[in-house]
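Chains A and B supply the protein sequences, listed in that same order. If you're matching positions, the first sequence starts at -3 in the numbering used here and goes up one per residue. If you're matching positions, the second sequence starts at 874 in the numbering used here and goes up one per residue.
Take these hints with a grain of salt, some might be off.
Heads up, simulated DSSO-like pairs for lysine-lysine below, C-alpha to C-alpha not over 27 Å straight-line [claimed, not checked]:
| id | chain 1 | residue 1 | chain 2 | residue 2 |
| --- | --- | --- | --- | --- |
| 1 | A | LYS46 | B | LYS896 |
| 2 | B | LYS892 | B | LYS936 |
| 3 | B | LYS886 | A | LYS95 |
| 4 | A | LYS46 | A | LYS94 |
| 5 | B | LYS896 | B | LYS938 |
| 6 | B | LYS896 | B | LYS947 |
| 7 | A | LYS94 | B | LYS936 |
| 8 | A | LYS95 | B | LYS896 |
| 9 | A | LYS94 | A | LYS104 |
| 10 | A | LYS95 | B | LYS892 |
| 11 | B | LYS896 | B | LYS936 |
| 12 | B | LYS947 | A | LYS46 |
| 13 | A | LYS31 | A | LYS94 |
| 14 | A | LYS14 | A | LYS108 |
| 15 | A | LYS108 | A | LYS31 |
| 16 | B | LYS886 | B | LYS938 |
| 17 | B | LYS886 | A | LYS94 |
| 18 | B | LYS886 | A | LYS46 |
| 19 | A | LYS46 | A | LYS14 |
| 20 | B | LYS940 | B | LYS892 |
| 21 | A | LYS95 | B | LYS936 |
| 22 | B | LYS886 | B | LYS936 |
| 23 | B | LYS940 | B | LYS896 |
| 24 | A | LYS46 | A | LYS104 |
| 25 | B | LYS886 | B | LYS947 |
| 26 | A | LYS95 | B | LYS947 |
| 27 | B | LYS947 | A | LYS14 |
| 28 | A | LYS31 | A | LYS46 |
| 29 | A | LYS94 | A | LYS14 |
| 30 | A | LYS104 | A | LYS14 |
| 31 | B | LYS938 | A | LYS95 |
| 32 | B | LYS936 | A | LYS46 |
Ranges of calculated distance between the beta carbons of each label pair, as one might list FRET restraints [as the list claims (entries may be wrong)]:
| id | chain 1 | residue 1 | chain 2 | residue 2 | range |
| --- | --- | --- | --- | --- | --- |
| 33 | A | ALA4 | B | LYS892 | 24 to 30 Å |
| 34 | A | LYS104 | B | THR989 | 22 to 28 Å |
| 35 | B | THR931 | A | GLN43 | 24 to 30 Å |
| 36 | B | PRO887 | A | GLY58 | 38 to 44 Å |
| 37 | A | GLU77 | B | PRO887 | 44 to 50 Å |
| 38 | A | GLN3 | B | ALA889 | 35 to 41 Å |
The set of hints was computed from the structure by calculation and includes no laboratory data. Where a beta carbon is used, it is the ideal one built from N, C-alpha and C, also for glycine.
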Amino acid sequence: QITLTQQAESLWVSPGEKVSITCRASQSLLYTDGKHYLSWYQQRPGQTTKALIYHASIRTDGVPTRFIGSGSGTEFTLSIEDVQPEDIALYYCLQTLKKPYTFGAGTKLELK
Amino acid sequence: EVQLQQSGAELVKPGASVKLSCKTSGYTFSNYYMSWLKQMPGQNIEWIGNIYGGNGGTGYNQKFKGKATLTVDKSSSTAYMDLSSLTSEDSAVYFCASLNYPGWYFDFWGPGTMVTVSS
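So that you can see chain A by itself, here it is in the shape it has in the complex (with noise of 0.2 Å):
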């Protein structure tokens, strides 16, 4: 199966800084369509899980711009521009490309 790794655990930002996560994959995430099969996720305590980014830099509805995902074959990120407070959260990255489906472990996301 495909290996998702995030390797910060938590990263520590200040309001309107800027903050990149990343998630490196143990293959390539590119399929013979040219699309990356790597999406993005938010978790935040008593909210759903809600899904920023699809094909590694699409943004999905009413996400907002400071979100941006970058990223190819097997190297991605997420990054944030201006975190903003209700930024704070659990961010997971998932490839769907081969079956099982994979998560990463995950990035907290702190304030300073």
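Put chain B on the given structure of chain A with help from the hints.
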């Protein structure tokens, strides 16, 4: 508005079974896959399997074959997951999540159902 409503928390004894539900509204249930996911406290999220709302076709993570059985009731737009022979390792929060096509990501999630296995 798409909504996924999951059944309430369960406290079950070791060796027992439990059936979780995920009632949907706001989209055409039979046109999409529903996935079930497991999240143990403070741990990673695992994909259990998919079921197609149209014909009930399933795909499972090998790890959960024999443990989880996915079904649907098209008439009520509800997905179900049976968990059998429960042990403490099955204590977790279980989510249902709809699989977006063609984006192939989980676009809507339920709030989760906590299952606690304890005697």
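Taking the hints in turn, this is what the structure says about them:
no.	hint	verdict
1	A/LYS46 with B/LYS896	holds, 18 Å
2	B/LYS892 with B/LYS936	holds, 19 Å
3	B/LYS886 with A/LYS95	violated, 31 Å
4	A/LYS46 with A/LYS94	holds, 22 Å
5	B/LYS896 with B/LYS938	holds, 23 Å
6	B/LYS896 with B/LYS947	holds, 10 Å
7	A/LYS94 with B/LYS936	holds, 15 Å
8	A/LYS95 with B/LYS896	holds, 25 Å
9	A/LYS94 with A/LYS104	holds, 26 Å
10	A/LYS95 with B/LYS892	holds, 24 Å
11	B/LYS896 with B/LYS936	holds, 25 Å
12	B/LYS947 with A/LYS46	holds, 25 Å
13	A/LYS31 with A/LYS94	holds, 13 Å
14	A/LYS14 with A/LYS108	holds, 13 Å
15	A/LYS108 with A/LYS31	violated, 36 Å
16	B/LYS886 with B/LYS938	holds, 21 Å
17	B/LYS886 with A/LYS94	violated, 35 Å
18	B/LYS886 with A/LYS46	violated, 32 Å
19	A/LYS46 with A/LYS14	holds, 20 Å
20	B/LYS940 with B/LYS892	holds, 12 Å
21	A/LYS95 with B/LYS936	holds, 11 Å
22	B/LYS886 with B/LYS936	holds, 22 Å
23	B/LYS940 with B/LYS896	holds, 22 Å
24	A/LYS46 with A/LYS104	holds, 15 Å
25	B/LYS886 with B/LYS947	violated, 30 Å
26	A/LYS95 with B/LYS947	holds, 25 Å
27	B/LYS947 with A/LYS14	violated, 45 Å
28	A/LYS31 with A/LYS46	holds, 21 Å
29	A/LYS94 with A/LYS14	violated, 32 Å
30	A/LYS104 with A/LYS14	holds, 15 Å
31	B/LYS938 with A/LYS95	holds, 13 Å
32	B/LYS936 with A/LYS46	holds, 26 Å
33	A/ALA4 with B/LYS892: 24 to 30 Å	violated, 38 Å
34	A/LYS104 with B/THR989: 22 to 28 Å	holds, 24 Å
35	B/THR931 with A/GLN43: 24 to 30 Å	holds, 29 Å
36	B/PRO887 with A/GLY58: 38 to 44 Å	holds, 43 Å
37	A/GLU77 with B/PRO887: 44 to 50 Å	holds, 48 Å
38	A/GLN3 with B/ALA889: 35 to 41 Å	holds, 39 Å
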